[in-house]
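Visitor: According to this note's numbering, the sequence shown is numbered sequentially starting from 19.
Incorrect hints may have been included.
To be verified - Here are the simulated lysine-lysine pairs, DSBU-like style, with alpha carbons at most 30 Å apart:
no., residue 1, residue 2
1, Lys172, Lys118
2, Lys141, Lys99
3, Lys82, Lys107
4, Lys99, Lys118
5, Lys141, Lys172
6, Lys82, Lys110
In short, the hints are calculated from the structure, not lab data.
Only a predicted model underlies this, so the values are computations on that prediction, with no experimental measurement involved.
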Amino acid sequence: MTKYIIRNRIVLAALTIWFVFTLTIFVSCRKKEQPEDTQQAVPAEETKHISASEKIDKTDVSDKIGLRILYVGHPDSAREKDFVSFLTKQFKAVETADLKDFNEGQTDGFDVTILDYDGDGFKSPRPNISRNFSRPMFTVGVAGALMSFRWNLKTGYL
């Protein structure tokens with residue numbers, strides 16, 4: 019009889035723990051709405067519809083973003099040419115560098131550095147960037163995965 023009572027208490031305790039755990043997860047995973055006083059209203063803007071025959075020319079320097087960009091990647095690759103072509107249309111100053119020869123000092127005078135490399139991760143150059151590096155930089159491709167791995171970030175191969 020006492021074995022039966024002890025077993026029932028253990029089962030009841032296990033079910034209680036499971037119920038509390040499930041309830042905690044359910045409550046914490048619900049999407050929380052922002053309080054009304056912190057919500058930001060976004061003004062509606064008119065959308066300009068452009069026909070296919072119209073061309074948009076963004077070569078005017080006044081339309082470009084006033085940032086200096088350093089693109090560090092695989093020289094003379096199709097990927098680098100595409101990135102640089104896009105970036106020069108959007109930003110006032112764009113320069114390139116080779117990822118194999120990259121060092122932190124090259125970022126002086128630039129607002130943003132883009133590290134990019136395509137291809138096999140085993141053959142990719144691995145720049146040595148210290149944890150004290152504090153310039154704006156974002157990584158793309160294999161270079162991003164290697165930097166994330168080296169700095170123990172969870173964004174490795176996303």
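Visitor: Hint by hint, say whether it matches the structure.
Guide: These are the hints, each one checked on the structure:
no., hint, result
1, Lys172 - Lys118, "holds (24 Å)"
2, Lys141 - Lys99, "holds (20 Å)"
3, Lys82 - Lys107, "holds (7 Å)"
4, Lys99 - Lys118, "holds (17 Å)"
5, Lys141 - Lys172, "holds (22 Å)"
6, Lys82 - Lys110, "holds (6 Å)"
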